[in-house]
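**Q** Going down the list, the protein sequences come from chains R and E.
Residues in the first sequence are numbered consecutively from 1, following our numbering.
Residues in the second sequence are numbered consecutively from 1, following our numbering.
Certain hints may be false.
Which copy is meant is left open, because identical chains are indistinguishable; a pair holds if it fits in one copy or across any two.
The list that follows gives simulated cross-link-like pairs (lysine to any residue, SDA-like), each with its CA atoms no further than 25 Å apart [said to hold, decoys possible]:
{"id": "1", "residue 1": "Lys38", "residue 2": "Ala65"}
{"id": "2", "residue 1": "Lys38", "residue 2": "Pro282"}
{"id": "3", "residue 1": "Lys38", "residue 2": "Gly129"}
{"id": "4", "residue 1": "Lys38", "residue 2": "Gly178"}
{"id": "5", "residue 1": "Lys38", "residue 2": "Thr14"}
{"id": "6", "residue 1": "Lys38", "residue 2": "Ala283"}
{"id": "7", "residue 1": "Lys38", "residue 2": "His226"}
{"id": "8", "residue 1": "Lys38", "residue 2": "Thr24"}
By construction, these hints were calculated from the structure, which means they are not laboratory data.
2 protein chains.
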Amino acid sequence: MSEPLAIGVDIGGTRLRAALVDRTGRLHARQEVRTAAKDGPEAVVSQIRELVAIVSAHAPRGQVAGIGVCSPGPIDTEEGIALGVPTLAGWDGAPIARMIGDALNLPVRLENDGIAAAHGEWRFGAGRGLRHLVYVTVSTGIGGGVVLDGRLLHGRQGLAGHIGHMGIERDGALCSCGTRGCWEAYASGTAFARNIRQRVAMESRSALAADAGPAEVFAEARAGDHLAAALVAEEGDVLGLGIASLVHLFSPEAVILGGGVSNGFDLLEPFIRQRLQTNAMPAFRDTILCRAGLGEDSGLVGAAALHFTEEAATEQDWRRRP
Amino acid sequence: MSEPLAIGVDIGGTRLRAALVDRTGRLHARQEVRTAAKDGPEAVVSQIRELVAIVSAHAPRGQVAGIGVCSPGPIDTEEGIALGVPTLAGWDGAPIARMIGDALNLPVRLENDGIAAAHGEWRFGAGRGLRHLVYVTVSTGIGGGVVLDGRLLHGRQGLAGHIGHMGIERDGALCSCGTRGCWEAYASGTAFARNIRQRVAMESRSALAADAGPAEVFAEARAGDHLAAALVAEEGDVLGLGIASLVHLFSPEAVILGGGVSNGFDLLEPFIRQRLQTNAMPAFRDTILCRAGLGEDSGLVGAAALHFTEEAATEQDWRRRP
């Protein structure tokens with residue numbers, strides 16, 4: 001009998017993705033659709049069933065160990081219940097692990113997306129072989145997950161690692177979560193894009209267009225544009241401010257950056273490191289900084305791989321008993 | 001044969017304490033001296049030998065399982081080496097676990113003091129029976145330790161939990177660690193005392209004396225003094241600011257407060273909780289807040305108890321091989 005496979009499902013606010021993954025982290029088939037984010041959990045579960053049917057057709061019969069699902073938090077992964085996901089309408093209180101288990105008749109592992117991505121990077125990406133790492137994803141918001149002492153951290157209800165909502169400025173900028181001063185409100189891709197728009201509107205001597213985003217800023221910074229370089233320096237600095245806190249809190253061997261903003265990792269790294277030099281105690285300054293190895297697949301692969309380890313938040317089988 | 005005992009040693013910047021502890025966390029003998037903090041590690045190891053001789057005289061021969069030592073960080077507890085402890089002169093690079101092991105010919109477990117105290121509170125104090133907790137000690141500085149998923153967190157070199165150096169204000173107040181904006185620079189007992197002095201100097205209509213400290217402020221707040229009440233509210237607010245970040249980062253069931261400032265826990269709690277209501281996402285707002293159950297003995301007991309569990313950072317025997 002050949003090696004078992006598992007299916008990873010990544011429920012994003014805009015894209016819903018599924019893939020067939022083997023024990024080495026390799027993707028054998030993948031499929032994606034636009035998430036029916038406004039239509040409630042039943043509609044999304046129906047989409048998941050369709051995607052899973054397509055990718056599982058690539059696996060020999062009976063060889064799929066289960067489905068690993070990751071979703072934007074907060075999701076109570078001990079009980080399998082969504083706690084009110086801002087990007088998905090009507091999910092508050094939905095028993096999504098059971099709904100998916102019922103629809104597919106396969107074992108389900110549910111994980112908050114930052115934790116699933118940390119798991120993926122640890123097993124198959126930039127964190128292979130490490131015992132301690134913090135994964136930070138910088139895109140629309142900032143999320144993350146932590147491996148410490150050779151184990152994936154879950155915390156109460158599987159909610160550890162909501163690192164974007166660490167405060168970095170007392171009563172500071174308004175965050176998407178409704179409170180003020182969160183790291184996410186300063187350093188996320190959304191905050192970076194807002195900062196770019198404001199600065200481009202004030203500065204005429206730059207190649208940046210009025211609607212430039214992070215990708216254009218990285219490109220123009222590489223081409224020598226001064227404003228783009230200054231914007232990269234500011235983003236790196238405020239990323240470094242949060243990372244300096246994270247290394248004191250967790251003492252990881254490495255901080256791994258993923259998400260869209262990590263496309264500019266090589267440009268941002270010197271400024272992140274500069275902040276670590278000034279804001280971290282000497283014992284923490286040599287923490288490794290690196291870019292995610294699996295790109296946008298960290299969560300997808302990490303969720304599937306929960307079926308190959310003891311790292312899941314719960315061992316419960318969510319399928320309805322007969 | 002009766003139950004084994006272990007000796008806990010708590011190396012403070014001012015007081016050096018040792019106690020004989022049983023498996024239920026009960027202290028059978030204790031002894032303390034003023035730490036020879038300026039005389040280098042050999043002098044302190046010699047003091048430890050004397051204290052241990054006194055407390056171990058209360059144990060039947062051969063019944064001491066080992067010595068658990070905790071010390072202010074940063075200390076590399078994987079290698080047993082001090083990394084430069086601000087309050088202890090000449091400790092930078094000292095192989096203190098081996099020095100203590102050699103001097104006493106007993107197995108040594110070494111732990112950063114915040115982690116040892118978290119262990120003590122988890123096993124025998126306010127955190128008994130929990131799977132996830134953050135221990136916060138607020139005294140001269142702010143330290144801490146974390147239990148997550150039923151395990152004591154260590155991180156690289158056993159340095160996890162340096163929570164006092166989480167930044168709460170960008171380029172803010174100068175901290176004892178040399179950087180700016182750390183939580184400790186705003187909410188420690190030292191910062192609280194500084195704030196008290198400044199406010200008392202500005203305000204004549206208060207019962208507080210010019211040299212009042214946290215203890216006097218708690219007493220006058222209980223007696224209805226308005227300035228004292230305002231100072232308590234401010235301290236509770238800034239404690240809550242950091243705790244709001246901690247619950248997002250770790251997702252504990254409870255946050256346990258120790259250290260001298262926790263003597264005013266009942267007065268501070270409403271303001272800490274108010275900050276949690278405004279700064280924590282709904283899923284985290286019901287986190288339990290409570291006061292340490294072992295008072296100033298959390299670290300002493302937690303360090304000794306490392307000999308009764310698998311929770312130590314390392315299983316290495318530090319005694320010199322023949």
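**Q** All hints are to be evaluated individually against the structure, with a verdict given for each.
**A** Structure-based check of each hint:
Taking CA atoms no more than 25 Å apart as the test, Lys38 paired with Ala65 passes in neither setting, with 31 Å inside one copy and 61 Å between copies. Taking the closest pair of Cα atoms, Lys38 and Pro282 come within 25 Å of each other only across two copies (22 Å); inside a single copy the shortest separation is 48 Å, beyond that limit. Taking the shortest alpha-carbon separations for Lys38 and Gly129, neither the intra-copy value of 40 Å nor the inter-copy value of 41 Å comes in at or below 25 Å. Taking the shortest alpha-carbon separations for Lys38 and Gly178, only the intra-copy value of 21 Å comes in at or below 25 Å, while the best inter-copy value is 49 Å.
With identical chains, the CA atoms of Lys38 and Thr14 are at most 25 Å apart within one copy only, with a shortest distance of 10 Å there and 61 Å across copies. Within a single copy, Lys38 and Ala283 get their C-alpha atoms only as close as 47 Å, which misses the 25 Å cut-off; across copies the closest is 22 Å, which meets it. When the C-alpha separation of Lys38 and His226 is checked against a cutoff of 25 Å, the pair qualifies neither within a copy, at 41 Å, nor between copies, at 51 Å. Taking identical chains as interchangeable, the C-alpha atoms of Lys38 and Thr24 are never at most 25 Å apart, the minima being 35 Å within one chain and 55 Å between chains.
Hints 1, 3, 7 and 8, counting from the list given before, are not met by this structure.
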